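Q: Line order of the protein sequences matches chains F and C. The first sequence begins at 431 in this note's numbering and counts up by one. The second sequence begins at 431 in this note's numbering and counts up by one.
Hints in this document: simulated from the structure, not taken from any laboratory. From a predicted model like this one, the values you see are computed outputs, not experimental measurements. For glycine and all other residues, C-beta sits at the position ideal for the given N, C-alpha and C. It is possible that some hints are incorrect.
[As the list claims (entries may be wrong)] Derived contacts from chain C toward chain F, CB cut-off under 7 Å, selection only:
| id | residue |
| --- | --- |
| 1 | 510 |
| 2 | 547 |
| 3 | 622 |
| 4 | 629 |
| 5 | 630 |
| 6 | 643 |
| 7 | 644 |
| 8 | 645 |
[To be verified] For each label pair, taking beta carbons as the anchor points, the in silico distance ranges come out as:
| id | chain 1 | residue 1 | chain 2 | residue 2 | range |
| --- | --- | --- | --- | --- | --- |
| 9 | C | 440 | F | 511 | 46 to 56 Å |
| 10 | F | 537 | C | 438 | 28 to 38 Å |
| 11 | F | 582 | C | 496 | 52 to 62 Å |
| 12 | F | 500 | C | 585 | 48 to 58 Å |
| 13 | F | 511 | C | 495 | 47 to 57 Å |
| 14 | C | 496 | F | 584 | 55 to 65 Å |
| 15 | F | 580 | C | 518 | 43 to 53 Å |
| 16 | F | 576 | C | 540 | 40 to 50 Å |
| 17 | F | 537 | C | 580 | 35 to 45 Å |
| 18 | F | 547 | C | 465 | 42 to 52 Å |
| 19 | C | 585 | F | 612 | 15 to 25 Å |
[As the list claims (entries may be wrong)] Here are some chain C residues pointing at chain F (derived, C-beta under 7 Å):
| id | residue |
| --- | --- |
| 20 | 544 |
| 21 | 623 |
| 22 | 646 |
There are 2 protein chains.
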Amino acid sequence: MADGTLTEVGALSLGILGGTGDQGKGLARRFALAGQRVLIGSRSAERALQAAESIGHGVTAGENAEVAAKADIVIVAVPWDGHKATLEALREPLTGKIVIDCVNPLGFDKQGAYALPVEEGSAAQQAAAVLTGSRVVAAFHHVSAVTLLDPEVSEVDLDVLVLGDDREATDTVQALASRIPGVRGIYGGRLRNAHQVEALTANIISINRRHKAHAGIRITDV
Amino acid sequence: MADGTLTEVGALSLGILGGTGDQGKGLARRFALAGQRVLIGSRSAERALQAAESIGHGVTAGENAEVAAKADIVIVAVPWDGHKATLEALREPLTGKIVIDCVNPLGFDKQGAYALPVEEGSAAQQAAAVLTGSRVVAAFHHVSAVTLLDPEVSEVDLDVLVLGDDREATDTVQALASRIPGVRGIYGGRLRNAHQVEALTANIISINRRHKAHAGIRITDV
Numbered sequence: 431m432a433d434g435t436l437t438e439v440g441a442l443s444l445g446i447l448g449g450t451g452d453q454g455k456g457l458a459r460r461f462a463l464a465g466q467r468v469l470i471g472s473r474s475a476e477r478a479l480q481a482a483e484s485i486g487h488g489v490t491a492g493e494n495a496e497v498a499a500k501a502d503i504v505i506v507a508v509p510w511d512g513h514k515a516t517l518e519a520l521r522e523p524l525t526g527k528i529v530i531d532c533v534n535p536l537g538f539d540k541q542g543a544y545a546l547p548v549e550e551g552s553a554a555q556q557a558a559a560v561l562t563g564s565r566v567v568a569a570f571h572h573v574s575a576v577t578l579l580d581p582e583v584s585e586v587d588l589d590v591l592v593l594g595d596d597r598e599a600t601d602t603v604q605a606l607a608s609r610i611p612g613v614r615g616i617y618g619g620r621l622r623n624a625h626q627v628e629a630l631t632a633n634i635i636s637i638n639r640r641h642k643a644h645a646g647i648r649i650t651d652v
Numbered sequence: 431m432a433d434g435t436l437t438e439v440g441a442l443s444l445g446i447l448g449g450t451g452d453q454g455k456g457l458a459r460r461f462a463l464a465g466q467r468v469l470i471g472s473r474s475a476e477r478a479l480q481a482a483e484s485i486g487h488g489v490t491a492g493e494n495a496e497v498a499a500k501a502d503i504v505i506v507a508v509p510w511d512g513h514k515a516t517l518e519a520l521r522e523p524l525t526g527k528i529v530i531d532c533v534n535p536l537g538f539d540k541q542g543a544y545a546l547p548v549e550e551g552s553a554a555q556q557a558a559a560v561l562t563g564s565r566v567v568a569a570f571h572h573v574s575a576v577t578l579l580d581p582e583v584s585e586v587d588l589d590v591l592v593l594g595d596d597r598e599a600t601d602t603v604q605a606l607a608s609r610i611p612g613v614r615g616i617y618g619g620r621l622r623n624a625h626q627v628e629a630l631t632a633n634i635i636s637i638n639r640r641h642k643a644h645a646g647i648r649i650t651d652v
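Bound-form chain F, shown alone:
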């Protein structure tokens, strides 16, 4: 597959499962604008099509299983509730592929967001436990859907931490993330260290509430 160079990554088609949610739609829009071939997947082909048409830029649509089978690389942007069951149903079409999990297992109460415990350690490790034949990478946890969908924002001020145990796969996803103008894909460690990256989204939500912002992170000195 790709060796992580920008040129090759640009030629890969990108499926986004759960692509009708704000995070999925935002990523679909930015990658389509960057020239990537994007397929939005949903449990409902009709809702996937509506989302694809609302984005434009050549984005196509299908049911999750169809998109999982067709796309070269797949982003999992489904809600945490249903994450495991969705992936269990897609084991076969996702075999051999790079699967990027961007799901943040969070709970909310009157004090704001907090990290939910995950039996496997993190959503990404749960994906790896289910998709034993896939190359699971964790990335895109801290993207702001609002920013991604904002037509006024031409450059996204964000570093995307990319985690995984397969160097070629993390290199590819770093290159993919870096296709969005302003974004850098930065290696952020092994999958066993994915929990805190997912959970940090709760802190970013706290920052957003305090500052009425759409905060992201940048890594300094790299």
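Mind docking chain C on chain F? Use the hints.
A: Structure of chain C alone, referenced to chain F:
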């Protein structure tokens, strides 16, 4: 006590328990350079004195209990191994004070660093459970001791996430962090969300290994 303004924070004396380690010494040096009155604490008064003399800039020294009693604000920079016992022994002198926990419970093996499970959820929550009469805040987790101790670095390119449930205390610690040139103290959420901030240090270590860097984080859009 302080209301979080820079002027008042500058008048407070700052104790650093475990100040003979690299992180403690680095913070002591930067705060002394910023004009803060700094007291280094250690289990051994002699080693505290050696550390204070190696830093200069008016830094004084004493045993942990003495420094805990004398200082207006206290940073806990002791090793995770011994964290709980050290704090249990200092409950009385720390009563009523802002106590800043910067301890990262990490393990290391041949694959690098990883987050250790903590019964209370995080080092900061353990501190709060032990120091029921103190105002526990979590901050300074991602500072690079190498950078703090480097005389060539005049501005530290870092945002310090400040977590806690006491608004006046977190405001004060934000103001304190911002006294180091280049640093911004940014509210990062409640103590229940401290684990992932501590654990993220494992990811930063991974980034440092990959890039031979001394990485830190910046928060965008605030």
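Q: So, against the hints stated earlier in the document, which numbers end up violated here?
A: Hints 1, 2 are the ones this structure does not satisfy, whereas the remaining hints hold.
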